[in-house]
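Peer 1: Chain order of the listed sequences is G and E. Under our numbering, read the first sequence as residues 1 to 307, first letter to last. Under our numbering, read the second sequence as residues 1 to 263, first letter to last.
Worth double-checking, as some hints may not be accurate.
[Unchecked claim] If you want the footprint, here are the derived chain G segments under chain E, 3+ residues with CB under 8 angstroms:
1. 104-118
2. 155-169
[Unchecked claim] A short, non-exhaustive set of chain E residues, derived as facing chain G with CB atoms under 7 angstroms:
3. W11
4. G15
5. L17
6. N51
7. K54
8. L57
9. K84
10. V106
11. P118
12. P119
13. Y121
14. L221
15. A241
16. A258
17. K263
It is worth saying that the hints were derived from the structure and are not from the lab. Quick caveat: nothing in here was measured; it's all calculated off a predicted structure. C-beta atoms are modelled at their ideal positions from N, C-alpha and C, and glycine is treated no differently.
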Amino acid sequence: MLNNQEATLADNKGKGVPLVRPSRLKWKDWLAVVPFFLAIFLLLIVPSLYLFFGSLQDAQGNFTLANIRSLFSDPLIATAYANSIRISIVTAVVGGILGFLMAYAVTVGGLPRGVRAGLVTFAGVASNYGAVPLAFLFINTLGRTGLMTAFISLMFGLNLYDDLNFNLYSFWGVSITYLYFQLPLMILITIPILEGLKKEWREACESLGANNFTYWVRVAFPILLPSLLGTMLLLFGNSFGAYATAYALTGGLINLATILIGQQIYGDVLHNVGLGYALAVGMVVIMAVTMAVYYFLRRYSERWLQK
Amino acid sequence: MKPKRIWSWLWIIVGGLYFIIPLVATFLFSLQAKKSGPSLVAYQRVFSDPNFYKTFLFSLEMAIITILVSMLLVVPAAYWIRIKLPQLRVLTEFVTMMPFVIPAIVLVFGLIRVYSGPPFYVTNTMTGTNTLLVGAYFIITLPYMYRAVDNGLASINVRSLTEAAQSLGAGWGRILLRIIFPNLRTAILSGALLTVTAVIGEYAIAAFLVGIKAFGPYMNLLGGNRTYESMALAIISFFLAWGLTGMIQFASRGRTEALPSVK
């Protein structure tokens, strides 16, 4: 469309004064976007390619696939990936479900408008909250001397740490902390989606004799499912790439893929430079697959949920 | 009350308690710095620590430079792609979303390996390191910034404005400076505030490039050896996040799109 328009303008040259200056694309036109793409190239593409090619080299710089293979066989790395993936799945699923229920409650759930406004504001603040102070919050709540730890021991006579084997600096502790940014993201994305459900669909269902349950199971939920799954994938990626929260919370004691990369930057803990690069590339591959499926699901769900 | 509403309240209360208890716990503990009873001593100590201001201002400065660099790179490119190079749209959307695929820790890993050694040695000087930090922040905030600017361009009639300016004899530089930038001020403001929010307490990248000069690493250090101050800092950060979020919602008139941020 744009090209046609410009072609007409170009054809009019000399017949009057065209408004947009006649322009076939000249090399100069590309110049305006060069700084932008150059910056992205230097700061994003070059480092990514460096890690990628580095992961395919051994210490002597020869081509090898050994690093990629070691990702699956090296116990330290395999555990790091497994922990990262487990935490990401748990926080995506729990955050996804509870976030959906909360978003549901304030949109279609019949709560006063003020609750929705309060929740949206709070979720916005919580999702903007820094990773380091977030770790402090949970140390004060569920740490060994935290408020909830004390409360539970007072109420039920159970020590979270000694009796229930809980540890804030381990899998469940990190998961519970991650939920503090996972839940708000789910809530903020899901509220507009739920508000995109058209009244007509429910009316159509009711006029055909369906009750509320049937409406949700047969109509609303199937429409929502792709975008809910998509958002949960976004949460998965959000948690998979998280470093600062886990580091500030555990001081680097938990073995996650991001934490291991951090240690690899400080000093070659894997004793193999190429393996460190492969570790990073593996993360990017997992993120890329996650985000690709996310975009696919989002495109798919937009067919129904156009605003 | 209808059963549906009881369930709604239940979920809101469960989630609400999860959100509020850690804040209450931290606030209550932050008042216990003195054995004799509740006091605001921890807050006083935070605010009287020169490093608090030094690191905060350093991170704020980095945020502001990032905003300026982003604006200079993103606005002309987004404008030009809209008006002259629509064939680059898909590519641009792809690359501006790439930071979501590359975790911050991976980005800083790659940047350090490429630019701290031969042939660049960027990190040998303070200016070089800070430049790299700004570069990294430009990348991690690119998804917010590009979308804010592109949405802004979509909401004004760029083509008509350009044609009108051209018919009055304005050149491209003048059009950008006098027409496009001023008309994008809302979009630029919301992109700028999102950048400040993302950068001010950022830990992963700052820790590896500049260490405790930046606010995020400073907070982390405080957490390790100053218990009550770190609690006070957590509460202060919360109000900071509250203020920034309020400004973002005001600047974008509630139309902010929820995007994941670097954790």
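Peer 1: Hints first: check each against the structure and report whether it holds.
Peer 2: Verification of the supplied hints:
no. : hint    : result
1   : 104-118 : holds (count 7)
2   : 155-169 : violated (count 0)
3   : W11     : 4 angstroms, holds
4   : G15     : 5 angstroms, holds
5   : L17     : 10 angstroms, violated
6   : N51     : 15 angstroms, violated
7   : K54     : 17 angstroms, violated
8   : L57     : 16 angstroms, violated
9   : K84     : 5 angstroms, holds
10  : V106    : 5 angstroms, holds
11  : P118    : 13 angstroms, violated
12  : P119    : 13 angstroms, violated
13  : Y121    : 15 angstroms, violated
14  : L221    : 10 angstroms, violated
15  : A241    : 5 angstroms, holds
16  : A258    : 4 angstroms, holds
17  : K263    : 4 angstroms, holds
Against the hints set out earlier in the document, violations occur for numbers 2, 5, 6, 7, 8, 11, 12, 13 and 14.
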